[in-house]
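Q: Read in UniProt numbering, the sequence shown has 12 at position 12, and its numbers run on one by one without any break.
These are calculated hints, taken from the structure and not from any lab test. Be aware that a few hints might be false.
Straight-line C-alpha distance at most 30 angstroms; calculated BS3-like pairs for lysine-lysine [stated by the list, open to error]:
id, residue 1, residue 2
1, 117, 95
2, 103, 117
3, 13, 2
The following label-pair restraints were derived from C-beta to C-beta distances [said to hold, decoys possible]:
id, residue 1, residue 2, range
4, 2, 119, 40 to 46 angstroms
5, 37, 103, 37 to 43 angstroms
6, 115, 20, 32 to 38 angstroms
7, 42, 114, 29 to 35 angstroms
8, 66, 98, 20 to 26 angstroms
9, 114, 30, 40 to 46 angstroms
10, 89, 2, 32 to 38 angstroms
11, 70, 106, 29 to 35 angstroms
12, 107, 37, 39 to 45 angstroms
Every residue, glycine too, gets a C-beta built ideally from N, C-alpha and C.
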Amino acid sequence: MKLHEVLAGLLDKHGLSDNQLAEAVDMSQSTITRIRNGISVDPRNGTVQPIADYFGVSLAQLRGEQPIPGLFEAGAKAEQPIGATLTPEEIDWVKMGRQLSPKHREVLRELMTVYAKMDR
Numbered sequence: 001m002k003l004h005e006v007l008a009g010l011l012d013k014h015g016l017s018d019n020q021l022a023e024a025v026d027m028s029q030s031t032i033t034r035i036r037n038g039i040s041v042d043p044r045n046g047t048v049q050p051i052a053d054y055f056g057v058s059l060a061q062l063r064g065e066q067p068i069p070g071l072f073e074a075g076a077k078a079e080q081p082i083g084a085t086l087t088p089e090e091i092d093w094v095k096m097g098r099q100l101s102p103k104h105r106e107v108l109r110e111l112m113t114v115y116a117k118m119d120r
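Construct the entire structure; sequences and hints are all you get.
A: What follows is the structure, given as structure tokens:
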């Protein structure tokens, strides 16, 4: 399985157009279309990571190196990608989190865990 096949399958499964995905991940429609059509064969991880995040899959899954359960199985039902359910504020949090170093992301995760427990 190749990246363009997986992306086409995800778009189809979630009922999305290239343009809808492009808007959701803040990317040009032509970039999405080039990837989906197999023209951009090996885009950089930084380019495809937002797409993987939007669909809630790993880079390895998006690149076809690991399976995505239910993607190409007969009768698989359509479901909303994780990115479709995020509020604008949550999307901003994700974008800011991507700018942090792994160490700082872990610190933030620990802080959020503490505060989440306090709010229960």
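Q: All hints, please: hold or fail.
A: Status of each hint after checking the structure:
no. : hint                         : in the structure
1   : 117 / 95                     : holds (24 angstroms)
2   : 103 / 117                    : holds (22 angstroms)
3   : 13 / 2                       : holds (16 angstroms)
4   : 2 / 119: 40 to 46 angstroms  : holds (44 angstroms)
5   : 37 / 103: 37 to 43 angstroms : holds (38 angstroms)
6   : 115 / 20: 32 to 38 angstroms : holds (33 angstroms)
7   : 42 / 114: 29 to 35 angstroms : violated (41 angstroms)
8   : 66 / 98: 20 to 26 angstroms  : holds (21 angstroms)
9   : 114 / 30: 40 to 46 angstroms : holds (43 angstroms)
10  : 89 / 2: 32 to 38 angstroms   : holds (35 angstroms)
11  : 70 / 106: 29 to 35 angstroms : holds (30 angstroms)
12  : 107 / 37: 39 to 45 angstroms : holds (41 angstroms)
In this structure, the one hint that does not hold is number 7.
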